[in-house]
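Please work from the sequences and hints to get the whole structure.
Protein chains in written order, with my numbering: chain X, 1376 to 1683; chain L, 36 to 302.
Heads up, a few of these hints could be off.
Here are the simulated lysine to any residue pairs, SDA-like style, with alpha carbons at most 25 Å apart [as the list claims (entries may be wrong)]: (1) L/K153 to X/H1573; (2) X/K1585 to L/V151; (3) L/K175 to X/S1567; (4) L/K153 to L/A166.
The hints are simulated quantities; they were obtained by calculation from the structure and are not laboratory data.
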Amino acid sequence: MTAVNSAGPAGAGGAAGAGRAAPGNLADPDGWDQLVPAAPRRSRTRAWRAVLPPLVTFGCFIGLWYLVSYGLLSPSRRFLLPPPQQVIQGGFLTWSQFSQILDGLALTAKAAAAGFVIATVVGIAVAIAMSQSKAIERSIYPYAVVLQTIPILAIVPLIGFAFGFTFRSRVLVCVLIALFPIVTNTLFGLLSADHGQHDLFTLHGAGRWKRLWKLQFPGALPSIFTGLRISAGLSVIGAVVGDFFFLQGEPGLGALINLYSNRLEPDQLYAAVIVASLFGVLTFALVGLIAQRVVGGWHESARGRDRA
Amino acid sequence: MNPVTAAGTPTRRAVAGDSPDGSLQFTGVSKRFDDGTLALLPVSFSALPGELVAIVGPSGCGKSTLLRLAAGLTSASTGTITVGARNAGYVFQDPTLLPWRSVRRNVELLGELHGVPKPERRAAAAAAIAAVGLAGFEDKYPRSLSGGMKMRASLARALTMSPDVFLFDEPFGAVDEITRERLNDELLRLFQARRFSALFVTHSVTEAAFLASRVLVMSERPGRILADLDVPFSYPRLPELRYDPAFAQVTGKIGAALRAGPDGSPR
Chain X
1376 MTAVNSAGPA GAGGAAGAGR AAPGNLADPD GWDQLVPAAP RRSRTRAWRA VLPPLVTFGC
1436 FIGLWYLVSY GLLSPSRRFL LPPPQQVIQG GFLTWSQFSQ ILDGLALTAK AAAAGFVIAT
1496 VVGIAVAIAM SQSKAIERSI YPYAVVLQTI PILAIVPLIG FAFGFTFRSR VLVCVLIALF
1556 PIVTNTLFGL LSADHGQHDL FTLHGAGRWK RLWKLQFPGA LPSIFTGLRI SAGLSVIGAV
1616 VGDFFFLQGE PGLGALINLY SNRLEPDQLY AAVIVASLFG VLTFALVGLI AQRVVGGWHE
1676 SARGRDRA
Chain L
36 MNPVTAAGTP TRRAVAGDSP DGSLQFTGVS KRFDDGTLAL LPVSFSALPG ELVAIVGPSG
96 CGKSTLLRLA AGLTSASTGT ITVGARNAGY VFQDPTLLPW RSVRRNVELL GELHGVPKPE
156 RRAAAAAAIA AVGLAGFEDK YPRSLSGGMK MRASLARALT MSPDVFLFDE PFGAVDEITR
216 ERLNDELLRL FQARRFSALF VTHSVTEAAF LASRVLVMSE RPGRILADLD VPFSYPRLPE
276 LRYDPAFAQV TGKIGAALRA GPDGSPR
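Structure representation (structure tokens):
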């Protein structure tokens, strides 16, 4: 009490402050005035705590970049990793180059988005079918695993030959890469409904569809979003990879990356790679945001601060 | 019916839907699980309409199996079960609330499953929520409720269907003693108001004696009924009853029956 009062702006010396302590605390909210600003300061600290670690990592990364570029590489080999400012200058600030990259991004984004949407619809549908019957699960699951384990890179050219080096084939590559995490995570979610909850539905005569739509599907949403978040990043990779191999039609980011590396244009090459990964991060974050809106109200994993 | 003949009797579970008097009858009911474990030796007992029968026993003695049999969640290996109810309310050990639904929508769930029109199930839910003392918490999600409040919501959900028979599977086993006593008091108030009949499984002797008009004491697995004791207190029962010497006598008798081995000898 005394401490609060004497530290406050109204505190008039030690003895006087102590003498006024009791009435002062009853009548005026001086003590509270001091306590109140503490809250925003604490939330600002918390914001710093969230932002600072990745910033430090970023700083270290840039430092390492400079170190490799200027320290390890001789000037004649510096094209392998030009320093950051050169990448920014050549790739981002030179409009003719950057606009080319942005055009590539538009195409890649379209393929990735189409692939992601198709993979989501197909993946969830397949998982629902698998959740409804052990026989269906057993007959599909091994092939879902195969789909995941065959080197997509190896079959990308085959897809090109089979379906043409078109937008459609690029989308197909995205779907093939993005499908598996959606299927497995959705299936896991659908099958993890609590025993007691199933009993409850059984007791009240719930059929297959009521059970699916009122119990299994809503309960699976957090897992579905986990799968979607992984697949969002993967479909961007799929779009870049498909494009990288096809090299026909309008060039997307993948074709540009191929072009720049063949032409030994490292500034543009790194700029394109950075744009591609930033786009991947963006889609990842976007799905996270949607997950937060959909399941954030009731599920722990969707909340930002679930760990200390 | 003695166990020997019961062993050869095909299972029957009759639901007397046309005469819902709220009675419950087990005749020579035994249960062997698919893996060969004998969970329940043939048991016979009945609960009269409006009777609250507690089943006490050590964990794993098959008392939950009795409830699952009564509810039809599993089928008996032998014997006959007759449930005189249009519908039975089952209150699980866990609240089994759906975390993505608010309290109101959780309580409405059974109405939804049975195709009750929306205005009706809304009204039934509101009444049930008020009856368990959760008014004002309708829009909360389960994760922001305490254990006791979750159990209240679970109870409210069962109440919406106005069951003639209630099956309680250790519903207050996971809440603290103070909350449990309060929930017991409130359950008795509901019991008096609605006069359903009920089987109440618990491992708490005090809870059993306080709630029930009869207590069945079960042995360890394979379960069988060791004793069928009357609780000689009339309803309404006041919370102070727990500290009555006569109450201590009843709990003492139940405790003694529990401690006695399957052969009746003290262990």
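Hints and how they fare:
At most 25 Å may separate the alpha-carbon atoms for a hinted pair to count; L/K153 and X/H1573 meet this at roughly 23 Å. Pair hint X/K1585 plus L/V151 holds up; C-alpha atoms about 14 Å apart against a cutoff of 25 Å. Using a Cα cut-off of 25 Å, the hinted pair L/K175 and X/S1567 holds, with the two alpha carbons roughly 24 Å apart. A threshold of 25 Å between alpha carbons decides the hint, and for L/K153 with L/A166 the separation of about 20 Å falls inside it, so the pair holds.
Violated hints for the displayed structure: none, as all numbered hints are satisfied.
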